[in-house]
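Q: Sequences and hints are given; from them, build the entire structure.
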Amino acid sequence: MDIGPFGFNNIPSRIDARLCAHWCVCLGVNIRVIDPFTIKPLDAATIVSSARATGGRIITVEDHYREGGLGEAVLSAVGEEPGVVVTRLAVNRIPRSGKPQELLDLYGISAKHIADTVRQTFAN
1 MDIGPFGFNN IPSRIDARLC AHWCVCLGVN IRVIDPFTIK PLDAATIVSS ARATGGRIIT
61 VEDHYREGGL GEAVLSAVGE EPGVVVTRLA VNRIPRSGKP QELLDLYGIS AKHIADTVRQ
121 TFAN
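Quick note: the sequence shown uses the UniProt record's numbering, first residue 1, plus one each step.
Please note that the accuracy of each hint is not assured.
As the list claims (entries may be wrong) - Here are the in silico distance ranges between beta carbons for each label pair:
1) F122 - G79: 17 to 23 Å
2) V25 - T87: 17 to 23 Å
3) E102 - E80: 37 to 43 Å
4) G79 - Q101: 31 to 37 Å
5) A53 - D105: 28 to 34 Å
6) F122 - A44: 18 to 24 Å
7) R66 - D116: 17 to 23 Å
8) R93 - R52: 31 to 37 Å
9) C26 - L106: 23 to 29 Å
10) T46 - I94: 32 to 38 Å
11) T46 - A123: 34 to 40 Å
12) S97 - N30: 33 to 39 Å
13) R93 - G56: 25 to 31 Å
Bear in mind the hints are in silico, worked out from the structure with no lab data behind them. Glycine included, each C-beta is placed from N, C-alpha and C at the ideal position.
A: Here it is as structure tokens:
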């Protein structure tokens with residue numbers, strides 16, 4: 001597992017990404033976890049080099065709407081790279097109140113959902 005050049009804060013979705021990465025390593029799937037910290041400016045060089053190193057497969061996870069977020073910034077960064085496929089996990093319905101883990105599960109961005117997406121993405 002390669003941890004990206006940026007540090008993690010104590011935010012649930014980032015914790016779930018690290019937990020998922022640990023599970024994947026235990027299953028023999030080596031992945032990279034990159035926390036870009038900001039989307040403006042986005043470290044496009046790191047994103048593109050990681051895409052090349054992972055066979056062109058990228059999964060973005062964000063704990064808000066898809067529009068205007070990390071997934072769109074990553075798509076823009078790799079848009080002209082041949083063979084790169086971006087799968088985006090994000091909130092896809094009207095948000096509501098709840099416990100953090102319940103909400104991560106509800107919106108499909110928990111460690112379990114991330115791990116399932118990794119399995120599906122790297123199975124192809």
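Q: Each hint needs a verdict: does it hold in this structure or not?
A: Hint by hint, here is what the structure shows:
Checked against the given bound of 17 to 23 Å, the beta carbons of F122 and G79, roughly 22 Å apart, stay inside it. Between V25 and T87 the C-beta distance comes to about 20 Å, which sits within the given range of 17 to 23 Å. A C-beta distance of roughly 39 Å is found between E102 and E80, which places it inside the suggested range of 37 to 43 Å. For the pair G79 and Q101, the beta carbons lie near 34 Å from each other, so the given range of 31 to 37 Å is met.
At about 30 Å, the CB distance of A53 to D105 agrees with the hint of 28 to 34 Å. Checked against the hint of 18 to 24 Å, the C-beta distance between F122 and A44 comes to roughly 23 Å, which is consistent with it. Our hint of 17 to 23 Å for R66 and D116 holds, since their Cβ atoms are close to 18 Å apart. Distance hint for R93 and R52: a CB-CB separation of about 34 Å, consistent with the stated range 31 to 37 Å.
A hinted range of 23 to 29 Å holds for the C-beta pair C26 and L106, which are about 26 Å apart. Under the hint 32 to 38 Å, the C-beta atoms of T46 and I94, about 33 Å apart, fit the expected range. Range check, T46 to A123: about 25 Å between beta-carbon atoms, so the 34 to 40 Å window is missed. The beta-carbon spacing between S97 and N30, approximately 37 Å, falls within the hinted interval of 33 to 39 Å.
Between R93 and G56 the C-beta distance comes to about 29 Å, which sits within the given range of 25 to 31 Å.
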